[in-house]
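Novice: Could you slot chain B onto chain A? The hints should help.
Each chain, written out:
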Amino acid sequence: MEKEPKIVAFLCNWCSYAGADLAGVSRLQYPPNVRVIRVPCSGRINPLFIINALRNGADAVLTSGCHPGDCHYATGNLVARRKFALLKNLMDYIGVEDERVSFSWVSASEGTRFAEVINKVTERAKKVGPNNGLFNKESGCGGCNQ
Amino acid sequence: MQSITTAVQNSAKKLLEENKVDVVIGFKKGTIPLRSTPVFIRDSNDADKLEWNYYCENNLANYLRNKDQKIGVVVKGCDSRSIVALMKENQLTRDNLYLIGVPCSGMIDRKKVNRIIGDKEILETNCNEDSLIIKTKDSEQTIKLNEVMHNSCLKCNHKNPVIYDEMVAEPVSENSNTDFSEIKEFEEKPAEERKNFFIEELSKCIRCYACRNSCPMCYCQECFVDSTNPEWIGKSAENVQDNLFFQAVRVFHLAGRCVDCGACERACPMDINLGLLTRKLYKDTTEMFNTEAGANLEDAPALSTYNMDDPQPFLLKE
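Chains as they are written, first to last, in my numbering: chain A, 1 to 146; chain B, 1 to 318.
Isolated chain A, as found in the complex (with noise of 0.2 angstroms):
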């Protein structure tokens, strides 16, 4: 059988988690892969959350927040936008597959939207297969095949 992926999630309290609740309340079916952390703001994710879900054993992560401009606190997203588009060149740059790390913005009233995401995401997860790169603690020295 496939081994099936395990998804990290980080969803903004305010907007993607009430998307997420919505697609729930709405019975939207979706993967049972995804594992959802809340978080305050998008604005609260530090980068390391992100690198250590990988560290520790996901296979993909998701971070979603509201749309740029519906922050809850106005600008958390904004600034948070820098980080991620920072964070994701840099993870390209030294070869974390394009679908380990995801960002996508969804709304409270997006549940659709956001079972669609999640169907999307974990497609990419099982494109990309089991996390044995560059940041699993697991893989001991997996990148260099020693």
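These are computed hints drawn from the structure, not numbers from a lab.
Straight-line C-alpha distance at most 25 angstroms; calculated BS3-like pairs for lysine-lysine:
hint: 1; chain 1: B; residue 1: K184; chain 2: A; residue 2: K83
hint: 2; chain 1: B; residue 1: K135; chain 2: B; residue 2: K29
hint: 3; chain 1: A; residue 1: K137; chain 2: B; residue 2: K204
hint: 4; chain 1: B; residue 1: K144; chain 2: B; residue 2: K29
Estimated spans, in silico, between C-beta atoms of each pair:
hint: 5; chain 1: A; residue 1: G129; chain 2: B; residue 2: T228; range: 31 to 39 angstroms
hint: 6; chain 1: B; residue 1: P313; chain 2: A; residue 2: K127; range: 16 to 24 angstroms
hint: 7; chain 1: B; residue 1: I133; chain 2: A; residue 2: G129; range: 52 to 60 angstroms
Ideal Cβ placement from N, Cα and C applies to all residues, glycine included.
Specialist: This is chain B only, laid out in the frame that chain A set:
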């Protein structure tokens, strides 16, 4: 060079005699060739110890935080930019500093010199306009300065201090634009090759944290690598994954703050190519957000501000 040394000495002497500062931080002759070492001058009679040459590579902004004295400091381009960046983060007060500005024409990389002359012991060195003369036991060799400059100095486009209280010499001409060719070249390589390159480089890392300690911008009370609760990262250098984790987060913490002085790379005892990581972030912040850390006093640090139309190419494609 000699004229700059004299001017720095005179300036320091005057500052100390007139009690304008409590201490002058500059460079003195080191104990081995090709090395100058930072020095703290508190007495005007000691001002003659100060020197200026091609070996003053340390970033003196490192010594300025958490001091309640008035400090005079000899600054080259990168030092002054670090000071500006620290001032923006409220770590330094301009009033407590007296900046003796020195136009910098680049510093010499000892490792490059050693690579050229091999394992012969250097007895004496001499510098003139564009070349370095190395005397060993039985030979004398002349090397072009350009061949032995630090990589960061060759690509520097802020050779003159951006802020100063006095300049001790005429400004030197600047490179017109920043050269990121080596980063662009590396970006072009396939992901697998880049990954293997970093794994290989960081398998050399001994986790001495010299890169962190030499950086003027790395001043957290408790660094994430030292934290035990939560334990973000393993402490052993044997796990290459963790070494890369450390470097990735270290350079990320410096995004929009790093002035690309190259102190981390110089401090590395294992000769790891850290410039390839730090300069990547420096390039991205410069290109994406159109700001240069420490280049002026007005711009907010890149990551503490935002624009409504910032690029967001990182989003999941739907």
